[in-house]
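Engineer: Chains A and B supply the protein sequences, listed in that same order. Per this note's numbering: the first sequence = residues 1 to 1032. Per this note's numbering: the second sequence = residues 1 to 441.
Derived by calculation from the structure, the hints in this document are not laboratory data. Watch out, some of these pointers could steer you wrong.
Calculated cross-link-like contacts (lysine-lysine; reagent style BS3-like; alpha-carbon spacing at most 27 angstroms) [stated by the list, open to error]:
no.: 1; chain 1: A; residue 1: Lys496; chain 2: A; residue 2: Lys525
no.: 2; chain 1: B; residue 1: Lys325; chain 2: A; residue 2: Lys987
no.: 3; chain 1: B; residue 1: Lys205; chain 2: B; residue 2: Lys215
no.: 4; chain 1: B; residue 1: Lys215; chain 2: B; residue 2: Lys198
no.: 5; chain 1: A; residue 1: Lys987; chain 2: B; residue 2: Lys322
no.: 6; chain 1: A; residue 1: Lys614; chain 2: A; residue 2: Lys593
no.: 7; chain 1: B; residue 1: Lys197; chain 2: A; residue 2: Lys366
no.: 8; chain 1: A; residue 1: Lys428; chain 2: A; residue 2: Lys350
no.: 9; chain 1: B; residue 1: Lys322; chain 2: A; residue 2: Lys994
no.: 10; chain 1: A; residue 1: Lys366; chain 2: A; residue 2: Lys998
no.: 11; chain 1: A; residue 1: Lys947; chain 2: A; residue 2: Lys607
no.: 12; chain 1: B; residue 1: Lys198; chain 2: A; residue 2: Lys366
no.: 13; chain 1: A; residue 1: Lys539; chain 2: A; residue 2: Lys493
no.: 14; chain 1: A; residue 1: Lys632; chain 2: A; residue 2: Lys614
no.: 15; chain 1: A; residue 1: Lys149; chain 2: A; residue 2: Lys428
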Amino acid sequence: MNRTISGHFLILAILATQGTAQVKPVDPDQGLHYNTPRVFVLKGATVVTEPGKSIEKGEIVIRDGLIESVGRVANYPQDAVEIDLTGKTIYAGFIESYLTRDEKRKGGRASYGNEKEPEKEEATATAHWNKRVRPDFRVLDGFALEDKKLEELRELGFTSAHLVPNDGIFRGQSAMIHLGEWSAGSIINEQGPVHLTAFESGGWRDRSYPNSLLGSIALMRQTFINSNWYADAWKTYRRFPGDNEQPEVDRALEILSQHIKAEGAFCFEVGDELAALRAGRIAQEFDLKLWLRGNGYEYRRPQEIADLEAFVILPLNFPQTPDVETWETALQQTNAALRHWDMAPDNLQKMIEAGIPFALTASGLKEGTSFTKNLRRAVERGLAAKDALASLTTVPANYLGVEEQLGTIDEGKIANLTVVDGNYFEGKSQVTEVWIQGNRHRLVREPDQDFRGKWLMQWTFDDLTREDTLDVSGKKTKLKAKLVWNESSTDLKNIKIEINNSVSFLFKGDSLELTGIVRFSGSVKDDYAEGQGRTPDGKTIKWFARRTAPFEEKSEQDKPKEREKASTLAVRYPEGAFGFEAIPEQPPIILIKNATIWTSGPAGIMKESDLLVKRGKIWKIGRNLKVSGKVKGAVVIDAKGRHITPGLIDCHSHSAASSINEGTQAVTAEVRIRDVLNSSDINIYRELAGGLTTANVLHGSANPIGGQNAVIKLRWGTAPDDLLLKDAPQGIKFALGENVKQSNRGSDFTSRYPQTRMGVEQIIRDAFTAAREYQRKLDEHRGGKSKSLKKIPPRRDLELEALAEILEGDRLVHSHSYRQDEILMLVRVAEDFGFRIGTFQHVLEGYKVAEALADHGAGGSTFTDWWGYKFEVIDAIPFNGALMQKVGVTTSYNSDSSELARRMNTEAAKAVKYGRISEEGALKFVTINPAVQLGIDTWVGSLEEGKDADFVIWSENPLSTFAVCEQTWIDGRNYFNLVRDQQLREKVSRERNKLIQKILTSESEPPGDEKGGGHYRPHLTHPYSCLQGVIQ
Amino acid sequence: MNRLLRYMTIFLAAAVASDQIPAPPQTHPILLSNATIHPVTSKVIKRGDILFEKGVITAMGRRIGILPDNTETIDLAGKHIYPGLIAATTTMGLMEVGAVRATLDYSESGTVNPNVRAEVSYNPDSELIPVTRSNGITIIHTTPMGGLISGTSAAMMLDGWTWESATLKAPVAMHLNWPRMTGGAYPYFTQSDEELKKQREERLKILEKVFEEAKGYLEASNAYERGDGPAMDTDMRWESMMPVLRREVPVFVHADEVQQIEGAVEWSRRMGIDITIVGGDDAWRVADLLARYNIAVIYDGIHSLPSRRWEDYDVHFTAPLKLYKAGVKFCIATSTSQFAAPHQRNIPYQAATAAAYGLPREEALKAVTLHVAEILGIDDRVGSLEMGKDATLIITDGDPLDIRTQVHQVFIQGKKIDMSDRHKVLYEKYKEKYRQLGKIK
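Isolated chain B, as found in the complex (with noise of 0.2 angstroms):
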């Protein structure tokens, strides 16, 4: 007991620093003691101890007998460890305050920019990186938007000095927003039908060409390689597009209504190209077509409405069960708009209002991990507790999926994170003058 308070004075300690400084590198081995223990791919341990060194998980069980030298020894009696959280998808990195057009990076100008990359505008010490690190969340998928092809988007660990300790992977993934399909069902919803349908056959022919020249460059690259062809000169869009065509990378595409998913499903298997869905609010009226050329869905509309009148009001906290039960691979995110951008910490709260509405809890936990780990293709590093992955990891006092939850400590590659951030700061400077005023203790 004394451990533990001697433990939560060090972060409140932390708390109140002036700012958040990246940690240095996993110096000794650690070993988590006599916690629960939710590894996601393994059985819960109960007082369990989970060890690692250098960034990466050594050992994990009931009791570790053998400890390296040097080991420092937390005891967390009462408390629980789960791998780190996972944002999906997020402009968070690319931006800082919505409305201030000097601070936004996510969108490119122009309808095709295949060859921007989100990782180099990643800004290592945005406020909103340690916000969001406080509640959980240590990797994030920070994604360019705009336009038809938006760019690369790229895994980000939230800590770091710089946007290149900070990288996880990348590129993740090529990001397509699909065309609107269909009239959205509101009043000021001022496209004609036939405006509509203009606008949308120009976009997909923009992809099909797109795709077509950009074959076309693969081609003629091949073939200087080969020797068979003259050496060329470089089109960097073209050029960014290659391990696409390759498929080294995949391609995310944003789409939520079930024409534009079906659309892009078509797209995918004609083109020979490896798709996720990004968005998904139709998804389930579809997961037997996603699952039958397993597709994956990221699925970020839990917290929206309905987006036709007639739905029914939990359409959107149900999708994730009806996805699940028809064997879609799927993960939970929060809105890709900008203005979920300072919001990725509340992720947890969509992944539970799933499991609410009938998502198992074990799943509806993975959606917010392994699964989404697994989407981005990260899953030999984190979304689990296993040996050998990274120590990427964070110790509560109850299911994080839970608001009331506390998130004490998060650790990333095994490096112990400042667990302080610019709300915890206001917070503690503005406690102080109501002490100084009398009114609080």
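Chain A extracted, bound-state conformation (with noise of 0.2 angstroms):
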């Protein structure tokens, strides 16, 4: 191995530390031989060797770095130096389980709003093709730890560390490290125990692939596919190499292949508690050891991410405090804002109660100092210490492979000690020193003296000598003090006390008839001070002074504080206002009496008759059912005057997801929606509230072939996966015009391919070429015998596998389409390449072209009457729904629009009213028409018998604007009604007065230490439309 530490900076250990002896294979000495014995004896502390367990006036002895002993009466060596540790506790020295390497590589992370084309990196022949898969990266390659990052970490009580990588999406193995100065020595483990990853993307404006969450998600799925399959390429060739070209050389997927087979676990970096999941996730597919570092808003979903069984880093990242102030600015903390300042302490204790393994970082934190603060918060307000503890050493050692050398105070375990002048986890002790493999690091910050007090103080000048009373108050450090003779006094200024007990004061001596500034210097020792002086003259002066009366210390702040208590507040799912403690019961039996069912099936619509569920599905429909009296919890609502219908469907939604557009290739067809669901989004229960049930969450625009769907059931307060309508058949956005072609983002978007409605055709032709291909080269060999065993097998490319499902029919093409030759087009495409398309988005000229629609079978979910924005809807018109449907078109409204997604049953009456559909066709057009267009009319879409219990009351005809949803039903659950959200929003305002009285007066407390905490919001999504790619 290359040992190239420089000259000088080897100089510098060497003067910094009273000796760094360690063993050093190959460095030859410079001058004089180091011979100082490393031999060391700690006495009178307590010890706590290991959580839950400690020594009183316990002995540790230390030799040349490793303990030799510890015990109460330890037979110590002759040869040790003593080192007196009276009224400490000593505790194995702290692990920092991420320490971020932070530097950024250039040109990485574009900022927002930043239009300059990618930087062109120098390509190596060694380099991944995308710059943020870089799994090669040596995190301890031209690195060195400053001595006052040194210093700080030291100060914390950390020892040693968990040195990570932190840039990109592979970002490279970790390294485990010692906090003594910075050498050859420092390194424990040059490669640590994991690879760390993280969901990082450019934003909106970046054109390096990916620039979302969904594409670097998708990045790393298939970097994981190929890492693996790297490694049988290799193999396949090694045993054939005269039947198989050589495959590329890659030395990220060579890493990463290496460390999967090794059983080397991934810590994933997560911003909240859904990208928990969504690692989990990936974990699961590809069978990974978990790890995660976390973010605080674990407690969010602890059984969920439980159930990961991760390991998980955290940072004490406490929100900042939510101004308040004002009624006015108040209105900005959201409900989740305001829990999260009052639970955020707790987090830690809430993983103890879930089992979940965790260590500590102060990493993520604005000041360092905030760690041991909000470490200490979350112990008064109920972690053990033994746990917080443990999360600082036992539990790293044990995860990060160094439980041998580190963790405990144990005979045999490197000498790495933290000392503290008290408990570590509570009050205002501090760190006074560490010792880092052997080696004794002091962190005096304080003299040992303390100057305070009343003093006799005899001072001599000119024959002449005074005994006057000094008072010395104020804090340790920032003294105030004054002069005291008979009935009078002087004010002191500016005295001072140092770290060497050295002592300086001054003051004016015009009432003791020496005109002019008096100065006195000396020093210190317990209840004895002297010095010499200088009068205003120049005359010397003698001085020493007697402590007559220890300070004492306001008997305000005597007072004991009152204990922080744990956050009464039950979470609630999904976090924040709106959200259920619970998810709504499933009663065996509903009925419903007495309504107006719109069934949007054969039986039309029915006058006063009684809906009849049964475990949450469909079991009659008629008049004068009845439910027998002994059936327990069944539910009997009369619903005279109101009308019943299915849950409405969106066929084209952009809610509930974090990421909406991988916008920087023409092809993202390996990205996907469901990968990326936001159950948190509180549009789900504002859509909830207009009667919606059902959506079909898509990709944006952005593309021509973009993302693949996902179809959700609006189950506010469950988890991202339990939000999937499970067996909806798979889906796919396509997207043409305007959007694909960039034509309305400035003179900026010029180049990427294709910038015609020409280009946009060849693309998805050629697309749809390659997966033919694809699909073919997989088939010949899985069905070819012998002879295929000796050819490299074709790699799984999650691109290509999602457009070969739309070939075979199994995946469902859902094109963003505005102009009638766009839509005919991606018709006679289809047919080429004999497949169906599922259904034409927006379809704004759908119309003109209506009887190709229909022959070829595709559904048209529009836009009811959105017109004007852009140059291709110039010719959008409100009938579009209608004639589509005449002329023989499955037709849908889609809203496109969180907003809209709230009353999709008025957008149906826009049917009535442009093309006299009537009414009961009408309400088809937001009920089944979309259940058959999305392939899921099985289950939803209609009311019939052995249907999902999905369903509508309102108060009266649905089409009318009058309207109001009273109750929205899924799977025969509750999810809405009129009388629970009034219940819920009494809550969310008593809840914001609560909290807001106990910001206010809670004062004393730290400000929070969230990075950037004024301006990321994890939870919120923004609103996004297809239209987006005109206004911005």
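Hints are included, so try docking the two chains, each in its own frame, into the full complex.
Structural biologist: As structure tokens, this is what we get:
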């Protein structure tokens, strides 16, 4: 190994510590040999050997960097230097579990609004094609820890650290280091236990893939696939070099495949609790050992996170205190933020309760010192000090693979110790020194003498001797004092005590007939102080003083601070306003009586009828249905005068997704909305309040072939995966026209292929051709016999796989489209490739080629009456839906807007207004028709026996603009009703008041430390619409 | 019944016309007879008559006995008559296609543009106009946008050969965009609190300065008029501010968030300037303040999501009811954004949502007719059906606030309006395609 630590570095190290004579395998010593003995005995302290075990007045013997013995009356060797640590507590040296190497690659993350072309990176033969995939990055290369940073860490009590790279999606492998003076001797393990990963991406205007969460997840999955394939490919090649071309060398894939083979762990840095679940899904798919660098939001989904069986490294980034000073500013604080302020300090305890193993990190804090402060708050609120200590010592030692060397105070372990002048986890104690590899690092920040108190001072000048009282008060290092004689006194100016216990002060001598400033200096030890001074005219003063009374803190400060208590709030699902404490019950039987039932099925509209639901499914619809009185928990609702419809379905939604567009490449079939579902999106609840129960959540329209969709039910409160309508056919978003040509994105976006509708056709044809050939290769490999065993297997490609599924008829295309030419074009392309388009979305000129759509069998999912926002919608007409339907196209109305999705019933009424569709037929535009389009009509879309009990109760005819949604049911569970909504809003406002009061009365609490806390709001989604390509 | 059929054929014929032709002035008296009349300012008249001559309503009641010579009588059995609806704020007329920059004329460059006038750029041949008119919107308040002071707006009738003949009133108001006072709760709101504060203070400073300088200009100009001062050079901007300072033209302050509204109210009191709030998302939160100082609100947020995650899902649906209960004068508009310009035809449905969530229906109707006229200062002419007011009215087969209702005919100042529009034309064109293919009858 090449040990290339520069010369001056080494010299610095030797000067800084009194001896680091470690075993140096090859370095020649320079100058005189350095042979100070390194044998110590630490005496008199409370030794906490491991969490929960301690020895009062124990001794630790350290020899040559290792702990030789620990005990009460250890027979310590005569050659040891004795160090008295009476009154101190000694812990095993703390381990910083996630010390980030922070510098960023140039041209790395593009900031929002950066419209420049991505910087061309120098392509080297060994670099992976994607600059964010760099598992081959070696975190220690070219790296040095600055003294200042080391000191900061030591002051928190850390003696060793898990150093992690911090840039990219695959970031590289970690390393273990000591936090003594930085040198070759600091390295414990150059190849640490994990590879680091994160869902990193550029912003909307970054043009390098990926620029979205969607893309970063897809790239991560593809890279794992590639790594596995890479290993196979080389294995095959090595066995059959004559049958194969040599695979490309890819250092990144090589390293990843080795790490996977060795069952090494991957540590995902995740920004919120949902991201943790996303990481979990990837780990499950690729059978990875999962670690998480958490975020403080874990308490929101403790069960789901526990189920991941991951080791979690947690920051102590408690949120900033929300600004609630005026009622106006308080409006800007969400309940989720107010609640987080109250609950975040309990996160660690919640992890203990959920059985999640965790270690701690001070990374991600604005002020390092808040690490200790915050940890103490957590302990004050109920976290056992034992558990806190374990998360700094034994737990990380175990997971980081250094349990043989670190983590406890035990014979044979490395002498890394943290010495505190009290209990680290309580009060205002401080780390006074740490020991690292048997070397002492004192962290004296204050003089050990306290100058405060009343002193009788005798001072002599010019044969004159005075005896006056010196009254010193204030803080230990920020003193105030006055000189008192007889009935008079004068305030001292500039009284100081230095770290070496020297003191100085001066005062205006005028009232003592010494015109000018009198200066004193000297030193203090215990109750005695002495020194010299000068009178204003330069004559020598001799002085000494005796302490006559100790300093007394003002009684006010003595009052014990009220202990901070754990939050009494219960977690809501999802967290924040309108979250549920539990998922709504599913009653065994529901009977709704005397309603007008719009079945959207063959039975049409049934007046004065009853709907009977059993265990989430529709059992019967008819008149005079009855429930036996014996059924426990049966729900009977009299709905006289009310109307019931199927739950409404939105065939084009962007709600409930944390990421919408992977807009960098023209074809991104590999990205999946289901990877980024956001079950915390408040729009889910708002849409439920408008009778919506199912949504087709689509990728945006930034590229001709976009990402895969997710058909969800609006099961508010569930985890993201539970939103999915499980059996729904898979789909994918396509887009045509101005958005994919980037027509409305200004003069900077004129180079990506395609820039014309002609090019759009070609890129789609090209993609399908590639997919067909991909499939052929797969089939050949699978079908071929012995011959194919000698061949390198085809690589699984997520993008081509999705496209091949379209060709197989297993994936529905939902294509954003406006003009008739492009609509017809895609119909013909699909026909040429032998598949059927699922739906044309928006399809504003569908009315011009309706017969082609009908013949092809594509559905039309349109806006009712949007037009005028860009040139390609110049011919959009509100009669579009009705005309398509009349010509034989299965037609639905969609929202493409989380706002409009709340009132799809009145959108349906526009089919009556524009084109005179019957009321029954119009409602179908938002019920059975979209269900048919999405291939989910077996379960939803109409009220028929055996289907899911997804229905809405309306105050009147649902097509009336005056109708109000009163209840919304999904799977026979009541997810929305007006009565509960009223209760929830009362809860929301009560809770706001309570928390605001709590914030206002708890001024003494330290401000928060969340980096950039004011701006990044992880749980809010930006409202998105396909129109966004135009209006920004 | 025959009559009705004939009537239907007339406007169907109109619908297939290739373009919409502005109507000539009313040439003879017209009696709309036997309809349910909703005057808004008085009780509904069942089987009532309404007579208008030269564009003005001359009689209205259960039965108008004596008719002038040459009166054309139209029997409207089963039909309803309402005052023409008014769009309270929109960029319509100043734009055509949102994404095509060449068609946009609503936002002048720079921060302070009090001198630009909306009416002179109103394009009477915009395709947006007939589409909007077809659904009963007869008048729009065309509003410039952008900067701090955007210019003056105008009330335009949706018929006319030129912008001059279409103008009902100009200027209606000077438009001021109150600076953003607080960070939005959006993940991509990237401005830091400090940046925001800086920008806010800068803007407020400009606002102070603009009015100070304009006042100085007014005083100098007054002095000159009185002969107390020298002749002065003209400043277009301050010249255009003089009617505002003389309180002849009100200031419409675009403000949504509570601190913006409070700031605007304080400013108006300090400056002695009459204001109306446009936008008003949070207006209901300070309804008492607005009621106390008699400040009206053009509320444009009904069909928008709550701006804060924790707010009630219906916070914007119920805002009009809260304003009504607090005694605040308000009307209902669609969003002021350019995206909403082509969608002014949906204004009545915003009012309907307010009604669905508690606002009395007659108040909802007023919020898109009479109250808009009052707030724009055109209620002497339009906004209700009354003797002496313009015969600007619509004939429907039901409540115009209900989507299923069809608007059969529009009259603007007694002129019978061509009911065709681009959408109907294209509809008829492609129906013909499918008739040819035998797909529909």
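Engineer: Now look at each hint and say whether the structure bears it out.
Structural biologist: Results of checking the hints against the structure:
1. Lys496/A with Lys525/A: holds (15 angstroms)
2. Lys325/B with Lys987/A: holds (24 angstroms)
3. Lys205/B with Lys215/B: holds (15 angstroms)
4. Lys215/B with Lys198/B: Since the Cα atoms of Lys215/B and Lys198/B sit roughly 26 angstroms apart, the hinted pair holds (cutoff 27 angstroms).
5. Lys987/A with Lys322/B: holds (21 angstroms)
6. Lys614/A with Lys593/A: holds (15 angstroms)
7. Lys197/B with Lys366/A: holds (22 angstroms)
8. Lys428/A with Lys350/A: holds (25 angstroms)
9. Lys322/B with Lys994/A: holds (25 angstroms)
10. Lys366/A with Lys998/A: Holds, because 24 angstroms separates the two Cα atoms, which is no more than 27 angstroms.
11. Lys947/A with Lys607/A: holds (20 angstroms)
12. Lys198/B with Lys366/A: holds (24 angstroms)
13. Lys539/A with Lys493/A: Answer holds: Lys539/A to Lys493/A is near 20 angstroms, not above 27 angstroms.
14. Lys632/A with Lys614/A: OK: Lys632/A and Lys614/A at ~12 angstroms, within 27 angstroms.
15. Lys149/A with Lys428/A: The hint holds at about 22 angstroms.
The structure fails none of the hints (numbered hints given earlier).
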